[in-house]
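Protein chains: 4
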Amino acid sequence: MLQSLQKVSFEDRAVPKLRDAENDVRVHIEQTGICGSDVHYWQRGRIGDFILTSPIVLGHESSGTIVEVGTKVRNVKVGDRVAIEPGVPCRRCDYCRSGSYNLCADTVFAATPPHDGTLQKYYTVASDYVYPIPAHMSSEEGALVEPVAVAVQICKVAELKAGQKIVVFGCGPIGVLCQAVAKAAGATKVIGVDISESRAQFARDFAADEVYINKPRLAQGQDPMEAARAVGERIVADFGLGEGADVVLECTGAEPCIQAGVFAARKGGMFVQAGMGKENVVFPITAACIRALTLKGSIRYSTGCYPEAVRLIAEGKIQPSKLITHRFEFGDAEKAFEVVKQAQENTLKVIIAGVKNET
Amino acid sequence: MLQSLQKVSFEDRAVPKLRDAENDVRVHIEQTGICGSDVHYWQRGRIGDFILTSPIVLGHESSGTIVEVGTKVRNVKVGDRVAIEPGVPCRRCDYCRSGSYNLCADTVFAATPPHDGTLQKYYTVASDYVYPIPAHMSSEEGALVEPVAVAVQICKVAELKAGQKIVVFGCGPIGVLCQAVAKAAGATKVIGVDISESRAQFARDFAADEVYINKPRLAQGQDPMEAARAVGERIVADFGLGEGADVVLECTGAEPCIQAGVFAARKGGMFVQAGMGKENVVFPITAACIRALTLKGSIRYSTGCYPEAVRLIAEGKIQPSKLITHRFEFGDAEKAFEVVKQAQENTLKVIIAGVKNET
Amino acid sequence: MLQSLQKVSFEDRAVPKLRDAENDVRVHIEQTGICGSDVHYWQRGRIGDFILTSPIVLGHESSGTIVEVGTKVRNVKVGDRVAIEPGVPCRRCDYCRSGSYNLCADTVFAATPPHDGTLQKYYTVASDYVYPIPAHMSSEEGALVEPVAVAVQICKVAELKAGQKIVVFGCGPIGVLCQAVAKAAGATKVIGVDISESRAQFARDFAADEVYINKPRLAQGQDPMEAARAVGERIVADFGLGEGADVVLECTGAEPCIQAGVFAARKGGMFVQAGMGKENVVFPITAACIRALTLKGSIRYSTGCYPEAVRLIAEGKIQPSKLITHRFEFGDAEKAFEVVKQAQENTLKVIIAGVKNET
Amino acid sequence: MLQSLQKVSFEDRAVPKLRDAENDVRVHIEQTGICGSDVHYWQRGRIGDFILTSPIVLGHESSGTIVEVGTKVRNVKVGDRVAIEPGVPCRRCDYCRSGSYNLCADTVFAATPPHDGTLQKYYTVASDYVYPIPAHMSSEEGALVEPVAVAVQICKVAELKAGQKIVVFGCGPIGVLCQAVAKAAGATKVIGVDISESRAQFARDFAADEVYINKPRLAQGQDPMEAARAVGERIVADFGLGEGADVVLECTGAEPCIQAGVFAARKGGMFVQAGMGKENVVFPITAACIRALTLKGSIRYSTGCYPEAVRLIAEGKIQPSKLITHRFEFGDAEKAFEVVKQAQENTLKVIIAGVKNET
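Residue numbers (our numbering), protein chains in the order written: chain U, 7 to 365; chain S, 7 to 365; chain V, 7 to 365; chain R, 7 to 365.
Rather than coming from a laboratory, the hints here were simulated on the basis of the structure. Treat the numbers as computed from the prediction; the structure is a model and nothing was measured. Among the hints, erroneous ones may be present.
The list makes no distinction among identical chains, and a pair is therefore deemed to hold if it is satisfied within one copy or across any two copies.
[Claimed, not checked] No more than 25 Å apart at the CA atoms, straight line, and that leaves these computed lysine to any residue pairs for SDA-like:
{"#": "1", "residue 1": "341", "residue 2": "72"}
{"#": "2", "residue 1": "284", "residue 2": "259"}
{"#": "3", "residue 1": "23", "residue 2": "247"}
{"#": "4", "residue 1": "23", "residue 2": "78"}
{"#": "5", "residue 1": "78", "residue 2": "56"}
{"#": "6", "residue 1": "341", "residue 2": "119"}
{"#": "7", "residue 1": "284", "residue 2": "261"}
{"#": "8", "residue 1": "347", "residue 2": "120"}
{"#": "9", "residue 1": "78", "residue 2": "249"}
{"#": "10", "residue 1": "13", "residue 2": "218"}
{"#": "11", "residue 1": "273", "residue 2": "119"}
{"#": "12", "residue 1": "273", "residue 2": "80"}
{"#": "13", "residue 1": "273", "residue 2": "235"}
{"#": "14", "residue 1": "13", "residue 2": "341"}
{"#": "15", "residue 1": "127", "residue 2": "201"}
{"#": "16", "residue 1": "195", "residue 2": "138"}
{"#": "17", "residue 1": "273", "residue 2": "330"}
{"#": "18", "residue 1": "284", "residue 2": "313"}
{"#": "19", "residue 1": "273", "residue 2": "135"}
{"#": "20", "residue 1": "273", "residue 2": "100"}
{"#": "21", "residue 1": "273", "residue 2": "306"}
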């Protein structure tokens, strides 16, 4: 667990009880993917308003096997293998009641202070936030349902329709998964954009129809917005997008990408901001307005994202295990965090096996 | 007519013929409102990509009486008094065919180079772009259907629902008309925001439930974004908006207002950018994203805006003639432009009477 | 309470405990409106799949005062006067999680077998299903929030927009409340339709712009569908609806009204079925299809309906107490049911006062 | 051409001129599919309000090569091979202007009285209603863009989303094409329903995941609605649809299918009526209402349907030429109509080659 800034430790704990004896389940954790946000807490102790003030367990991308169920649980039973959705909302606020539980301010979200994450032997959670995975899906794939569900939500926010042309900024894990989800939804052309040739190459092999390698260097004296506009327009021209992309999915949070994205979209198009970077960016508001774009932020998941992600993996439409570049045993968790922290170009997804059941 | 930069003149012209002898109508112009964009061409010769290269007639907010109709025209007849929608789209591009004619690149828009505007004795236009006004509506009100239709479109883009709490940045003509349209659509609380006390006072008298006077001075060393955030949060707190405004309509184009607007909106809320100001602004993209806002640009009008604007005026729900602060005869048109150019705080709407029919 | 078919009795019960000691509240019931469904259970013992097999307490349209709150309740406190939403859903199924809790199969709905209703001294319920009413709203109005919320939901399902022309079949309580909600949402023309002149007259006085009295007698040998079509077309012609109504709200469940409604709607229009009558009706499917209508069923309420109904009453936009034709003391409840059962033309809303607190 | 009821003839005509010398094109027709509606006019002389009063040319599913273009035409040039959309709307009514041109009452629709169809050597039409097809698409496929576009519109009306479970009633041409469009849009399970084993078999081979053969015989004394309900529920149970189908596409117009469809849909689901049969059917209105279904009619096409249909064929996602069971030369057109009229189980699509260019 994360004791304090940059200090991790292991701890023996009693087997946790179900907080809600009727509706909770206890899961034996089998695999856990590591995400940038885990490393963020490890290194900086905060993300936005969430601040680490006492030790917490990290990890929120996990799969496992049900070992205990509450008295009223019907959707899963002991022995079922499941993917775990890491945030359980309050179910009572207007956001929850109207179907936007991703906006609930009282969500208990794994590994978001002060809530413990899933890098434990056991994790207890509400039964409707675990989702059975079929026998032919590995536990690694089960853990990677989480980032696939993030991509499903991004594409849901974007209201994708079959036959659209889609530009995805970013060929990291979320970017390439968005590209794959978009292809599975019948997109006719999906363009991945990245500054890294190796990531772009991976994206092309994974799901994208085409990739654009965005050389970020400005010419001397070049206005950054003019450069971004040129990138956006070049993507439209190079890939025959006509009036522009129907949908832009921005998965980097990088200012030049956000800017270029506006100029890559067609009039009346959709722009979804999913990546998180600088708090504030210089934004081409007049261009966005004249183009009558719809811009939306995507955050977490909503009802149906996890089942849809499980389905896409189970049907072979998306193969997220191709993203795994590093595997660690539970005892080597700190090494795993170190790898993610270094963020080398060829690191995509790092995964940590759970504590074996017999220990 | 506008001969060239800052030079206007009068000109005798032959009575224009219907370009489409089947479907056009000719209107004798009776009243024309002056808009900032007219003055913009007069003073600077361009707006965005539209550049003045040869003389054009200004004016695009007009009413008049039908004096000639094409052979197939059925919706109006000679003698009908009408409001004129100034932009006629191509009807053939995908935008036109799918109901987004405001995005048509081939629109013939009055007083947008190279197309002549309505400050003439006669104006010819497609019959489906004139809308009858009832006998009890004045020609001045007929001319002001245009800015009301702009407000109707903004509120349509915002997908207003009855019972919402709405913050409108700007208490100029478009701002106060948006406030009135929102009230007519059943909004429970409409807050107008402006830096001018007299404009705010007008807004309160016109339609807003409450107004907020935004003192734009930054404290020494204060971060502009922090100041904007404080303004947004103060509006929410002062007017009991709870989680924030359901809808923010930004009608100023001013950077601090755009920024404050993001912080005035509730999570999952709607933000419509209608004002045009700086091309690029510093934008709180992370806040917009975490709040899962939907941001949309509003531009011109769409089908139904003009009839709805006529209805709102005809039913007395909106009284746009209250906005008129200055009236000029046709021969004094240049003075009218001068008044608009000076843009004094107490100038709202300037209107120019048409050439009398007997002249 | 309803002991069995057509048998009611009074019963002394212990003060009920909060089922959820953290999140429930206990309400002292002050007023309860009687609805056709209560009488239905009383007389026939079933509605659809809901069958009376053991005694239940009737009543589900109630207001009262909070007398006890769970340990985590924050939205209300003891002494608050509230309207009670009668159905609390499971919060865990996909319908609940996606914002359609009105479709939850596990809803605990007051007075729907086997759940007790609100015609008791005290009723306990989840705290987020009670809604504070302001001091100037009477307890009778608080009880009538329920039918207003039904009308709000119907209009929400219909996706009302300001400026629409709306035909409402039925001038009973739900019909006239829909008419009032539509007017408050900025409808330009609301036409009420009923077979009863006195009801139609009430509708005109209450909120409708116009009413149509539908004489249901068929001419000898007339095809019922042709008669219905004629009624629909006559409504369009008589009230100048042009292409037809933008929205038809069917609040009767009567076959001829459903049929006429299809012909009263414009192409591309909206038809909401809210009334419940015969299970199956002869339906003009080809006309509905060629007109490209959208038909939707409305059932119960969704998030926001109760607060919106409270607001409409509190702001004086709707005055539901005008609907009350009969008032009874708690001890005379059976008489109240008898009045509702007789369903005379001039009976609109019957209301029963609660057990006084000192008893 | 169709001279009068059941009488067809051939006629020599002058090469037609462009009606709009600026915007029309002339197409040399190469292939034309025959549709039930053509035969309907041939045999009965009317469909609904469209009545044959003078001779018309039949045919509306055609492809060909551009042989003449108007002076302003830019989207195609002489020599381009195109699919022809058969209905050109007025472009001026509110339906056209708001993107619902399929509802335009003044549409000039090929082979709908009094307008001539495409079974001619040349057909002139507005340039934005022809769509280029790539070199690798055959002219037969070009003609079959029409029924594919019908299916695209049905699926667009249904607002398909990836991952949905879809039941399609009918395995005729439109039914199987809907099944294919739904699969291309990422549907997880598409169930085709038909009474014919051979059609069902074709559907399974073509695109459906599963098929259900609906034996239409009622048990003695069985209520038809109960039988329909049983069919709907059996489809849900047999194919593991859980709560029911997300979307039902009704492509038969047959009363028992419409009825069964309501019971096959999940609560909150979508039901699109696309087939045309009896004017009026017995409809389970209460079930539809309690399930809170959305029912919509689909009619003709809208902007984007033709390009999307061309794309689906060009990318090999749909292979409509598999539907062709009979091919005829132009001179044998009457035999083609005869085959369609007989409507044998194994007849899917009948196609007629155009008049050769050298004749």
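Verification of the hints:
Neither within a single protomer nor between protomers do residue 341 and residue 72 lie at most 25 Å apart by alpha-carbon distance, with minima of 28 Å and 56 Å respectively. Proximity of residue 284 and residue 259 under a CA criterion of 25 Å is satisfied in both settings, with 7 Å inside one chain copy and 23 Å between copies. Taking identical chains as interchangeable, the C-alpha atoms of residue 23 and residue 247 are never at most 25 Å apart, the minima being 55 Å within one chain and 35 Å between chains. Taking CA atoms no more than 25 Å apart as the test, residue 23 paired with residue 78 passes in both settings, with 16 Å inside one copy and 21 Å between copies.
Taking identical chains as interchangeable, the C-alpha atoms of residue 78 and residue 56 lie at most 25 Å apart only when they sit on different chains, with a minimum of 23 Å there against 33 Å within one chain. For the homomeric pair residue 341 and residue 119, the shortest alpha-carbon distance inside one copy (22 Å) is at most 25 Å, but the shortest distance between copies (59 Å) is not. Within a single copy, residue 284 and residue 261 get their C-alpha atoms as close as 7 Å, and across copies as close as 18 Å, so both meet the 25 Å cut-off. Taking CA atoms no more than 25 Å apart as the test, residue 347 paired with residue 120 passes inside one copy only; the shortest distance there is 22 Å, against 57 Å between copies.
Taking the shortest Cα distances, residue 78 and residue 249 sit within 25 Å of each other only across copies (20 Å), while inside one copy they are farther apart (54 Å). Taking identical chains as interchangeable, the C-alpha atoms of residue 13 and residue 218 are never at most 25 Å apart, the minima being 39 Å within one chain and 49 Å between chains. Taking identical chains as interchangeable, the C-alpha atoms of residue 273 and residue 119 lie at most 25 Å apart only when they sit on different chains, with a minimum of 21 Å there against 41 Å within one chain. Proximity of residue 273 to residue 80 under the C-alpha cut-off of 25 Å is restricted to the inter-copy arrangement: shortest distance 20 Å between copies versus 48 Å within a copy.
Taking the shortest alpha-carbon separations for residue 273 and residue 235, only the intra-copy value of 15 Å comes in at or below 25 Å, while the best inter-copy value is 30 Å. When the C-alpha separation of residue 13 and residue 341 is checked against a cutoff of 25 Å, the pair qualifies only within one copy, where the shortest distance is 13 Å, while the shortest distance between copies is 73 Å. Taking the shortest Cα distances, residue 127 and residue 201 never come within 25 Å of each other, neither inside one copy (38 Å) nor across copies (55 Å). Taking the closest pair of Cα atoms, residue 195 and residue 138 come within 25 Å of each other only across two copies (19 Å); inside a single copy the shortest separation is 32 Å, beyond that limit.
With identical chains, the CA atoms of residue 273 and residue 330 are never at most 25 Å apart, being 38 Å at best within one copy and 34 Å at best between copies. Taking CA atoms no more than 25 Å apart as the test, residue 284 paired with residue 313 passes in neither setting, with 32 Å inside one copy and 38 Å between copies. With identical chains, the CA atoms of residue 273 and residue 135 are at most 25 Å apart between copies only, with a shortest distance of 22 Å across copies and 39 Å within one. Proximity of residue 273 to residue 100 under the C-alpha cut-off of 25 Å is restricted to the inter-copy arrangement: shortest distance 11 Å between copies versus 33 Å within a copy.
For a Cα distance limit of 25 Å, the shortest separation of residue 273 from residue 306 across copies, 14 Å, qualifies, whereas the shortest one inside one copy, 27 Å, does not.
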